[in-house]
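Chemist: So the chains spell out like this:
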Amino acid sequence: MQRIGDSPRVRRVLVGLAIFFSALFLLLPLVAIFAQAFAEGLEMFWANLSDEYTLAAIGLTLFVAALTIPVNLVFGVFLAWLVTRFAFPGRRLLQTLIDIPFAVSPVVAGLVYLLLYGRNGWIGGWLDSHDIQIMFAWPGIVLVTIFVTCPFVARELIPLMQAQGAREEEAAVTLGASGWTVFRRVTLPNIKWALLYGVILTNARAVGEFGAVSVVSGSIRGETNTLPLHVELLYQDYNTVGAFTAAALLALIALFTLAAKAFLEWRATRRENAA
Amino acid sequence: MNFVMILRRGTLASALTATLATGVAAPAMAADRELLNSSYDIARELFATINPEFIDWWQEQHGEAINVKQSHGGSSKQARAILQGLSADVVTYNQVTDVNVLADAGLVAEDWQQQFPNNASPYYSTTAFLVREGNPKGIESWDDLVGDDVEIVFPNPKTSGNGRYTYLAAWAYADKAFDGDEEKIHEFMNQFLDNVKVFDTGGRGATTTFVERGIGDVLISFESEVNNIRKEYGQDDYDVVVPPVSILAEFPVAVVKEYAERNDNLDLARGYLDYLYTEEAQRLLAGFNYRVNDETVKAEFADEFPETELLRVEDVFGGWNEVMETHFASGGELDQLQRR
Amino acid sequence: MNRIASLTAASPKRVLPGFGLSLGVTLLFISLVLLLPLTSLVGQLSGLSLAEYWAIITEGRVVASYLVTIGAAAVAALFNALFGLLMAWVLVRYEFPGKRLLDALMDLPFALPTAVAGITLATLYSSNGWMGQLLAPLGFEVAYTWVGIALAMGFTSIPFVVRTVQPVLEDMPGEVDEAALTLGASDAMAFRRVILPHLWPALVTGTGLAFVRSLGEFGAVIFIAGNMPYETEITSLMIFVKLQEYDYVGASAIASVVLAVSLLLLLVLNLWQGRFIRRLHGGKG
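Chains as they are written, first to last, in UniProt numbering: chain A, 1 to 275; chain B, 1 to 340; chain C, 1 to 285.
Since the hints were derived computationally from the structure, they do not count as laboratory data.
Glycine residues also receive a C-beta, built at the ideal position from the N, C-alpha and C atoms.
Misleading hints may appear alongside valid ones.
Stated by the list, open to error - In silico BS3-like cross-links for lysine-lysine, where the CA-CA straight-line distance does not exceed 30 Å:
1. A/K261 - C/K99
2. B/K184 - B/K197
3. A/K192 - C/K99
Unchecked claim - To give a feel for the contact side, a few chain A residues facing chain B, derived at Cβ under 8 Å:
4. F34
5. A35
6. R119
7. W126
8. I132
9. Q133
10. M135
11. R270
Make a model of the complete structure from these sequences and hints.
Modeler: Pasting the structure below:
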């Protein structure tokens, strides 16, 4: 079959351009991170990595992600179920609302949480008088992280569930299955890969969030310092290699995310072809 | 909740399992009391050195094992966090205004400047220049910075206390040189600000710009900081120039009584700040190129700190409140000067 | 990130259970996590008169920062429209070694923390960095100029266009190409007349999203922008400066402008896309 842009010359030029620009804008920064991290050798890299504060930052970052993911997973599934399985007024508004975190600058996201839960905020004042610390402690970091990552799972599920339609589920209900059984037996197997991808994206963003977390963290070294904040801190300590070591760690998580995504897609196409 | 403590106890893996399994509850810690010191962003190495010494000192004096935690950031950001509930016991800042904000909110005593010697400033510094090797542009004082071919790097006075001191030092110099002639001062400041190449948001950002990115002929920062940079990045590549006239930069300290009381740390907080005035601590401070008042230490380090005329903010500008109002507030002198 | 799939409307009959539960959970979550914090922004603004609000958001330096931000974001979005179209085309239409790797690489900017991106770009493009050394002799400065801001914004929003155009291009039947070419159109003409109109909604949506994302970007930009008043200050920095001055009200006022513009753009994109798809499918859905 004849296709547009199929001549070898056009193909070579376009592929060449694509590779050139991708290498320039995407690959080069990635290489630079690792080059800087290993600038003083493997030993230094290891020393920087096993620094107690770096370890503490890794621990906190994973802890925050571990709390954020289940919350957004549950919310994302409920929201997707709601907007793809029922028609009701305000559906489109709801879909725009969950895009808010995309539209809000991370600094502003941190600010609004600070204004609400800080000592002078509506809720914060009450919390303060009861000696409950939300801001400048891990709960604050978890809250803003949930905020910035809440669209990801829902965004992955909605198009898929829309495309699949509700026929299978409706059939199951007609046959007398309960809501939970329908979800577990019919919906979940259909959406599990999209769900997993949503989780991977949520995780990547949760681990990497900087702006919003920096506002509410209080940057207490070893206690409320997440890995991205630690990158900045080391950078400011004249420890460029240390900063890029932490950055390389984050880049590794990013690469893992990309690999996981590629794997999921590969699986999906293989299944499609098999079917 | 203390990750350092958890991590000290074992490997990363077991720490993570412990954290994730228990969710929030952390095991009881070895030290009963913890002091939180909220400080400016370039004081990390300084307090990383002082804190262990203080912990030993307190153990010796009171037989109690304690721990000191640090929070660092731009000092306005730090004060804001305390206003919003970061329960720091003491503040060690590089700007009087940021402590005043806390005093206005009732978190710090009204008369905090009288509670410790030397206006509650255990150490001080001034604004100095870091130039490239051999000082190719021949920069010796402030009037060498307004030439056509000089590129300056210092942090944004809007976002950095460090940057504010630089702005005030230049103004104070002009005020003195032109005998208070407003028009000439403005002209001088205009040229000075025009020569700025990059306005980083903080002191360390400016350093990176100057040193690692190779931008600018002169970096203006605290004397302590330019000396530290030179030590860090090579004695041969840079020279330090302390101008004959500059501004006195005080580093105020205060107890955040509201939180210290609640944390049951009042004695510990006072003890910590008192410790900064001891000969031992003053020697550590001088080692980080801060100027100190302790006579013995002063004599020991006399060679390192050139004689220079230090103008006081109170004398030149009438006080920090006036400075903030006339110069740095929205629509103030700085905004006027930078207007196009 | 695929937003082009709202082709089928949900079934109007409520055969399925869980409407009440999912509505309840969703509304509770949206209220608590998204809307409640935003009310604090409104709370800050309620103390301002309209004239005061106007004065804050139209102050000369702030207006200059809008122009810098919008200009750089527009350049970044435009670059991404072209680059994204190229990448989507190459990844869908051609087979070549390393294609899968290239495809995976496209998502890097989403996965990489913005602060890391900022530090890395500043390191690469400053006059003594790898790229800066190449560009400096040509008299082309990137770091600490307006170009640097656009570069950082462009980097962080690369995936938007690629990932919105790609699925649409994949779903396009090959017969469309053939028909156009058998009618004797050249490659370029066929692309412009046949392919581009089909990709248009996805391309606009992707570019719009990239633009919105760039408006709010802070972490990546701040390291590479020179932050010179009136020249290289972005609006997010102005919010940051206001906060530094303990001026929550001023910060909230400027933040509300960015937020309103972004939300408006998103809403327009959502509505436009809905209309376009309806038209494309002859009024169905």
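Chemist: Are the hints correct? Go through all of them and say.
Modeler: Each hint, compared with the structure:
Annotation: proposed proximity of A/K261 to C/K99 holds, straight-line Cα distance about 15 Å (limit 30 Å). Restraint check for B/K184 and B/K197: the C-alpha separation of about 23 Å stays at or below 30 Å, so the hint holds. Restraint check for A/K192 and C/K99: satisfied, since their Cα atoms lie roughly 26 Å apart, inside the 30 Å limit. Nearest Cβ of chain B to the Cβ of A/F34: about 18 Å, over the 8 Å cut. The hint is violated.
Because the smallest distance between the Cβ of A/A35 and any Cβ of chain B comes to about 14 Å, over 8 Å, the interface hint for this residue is violated. Against a cut-off of 8 Å between C-beta atoms, the interface hint on A/R119 holds, since the closest Cβ of chain B lies about 4 Å away. For A/W126, the interface hint is violated, the least distance from its beta-carbon to any beta-carbon of chain B being 12 Å, above 8 Å. Because the beta carbon of A/I132 sits about 10 Å from the nearest beta carbon in chain B, more than 8 Å, this interface hint is broken.
With its C-beta approaching chain B no nearer than about 7 Å, A/Q133 sits inside the 8 Å limit, and its interface hint holds. For A/M135, the shortest C-beta to C-beta distance to chain B is roughly 6 Å, which falls under 8 Å, so the interface hint holds. At about 34 Å, the closest approach between the beta carbon of A/R270 and any beta carbon in chain B exceeds 8 Å, and the interface hint on this residue is violated.
Checked against the numbered hints listed earlier, the structure breaks hints 4, 5, 7, 8 and 11; every other hint is satisfied.
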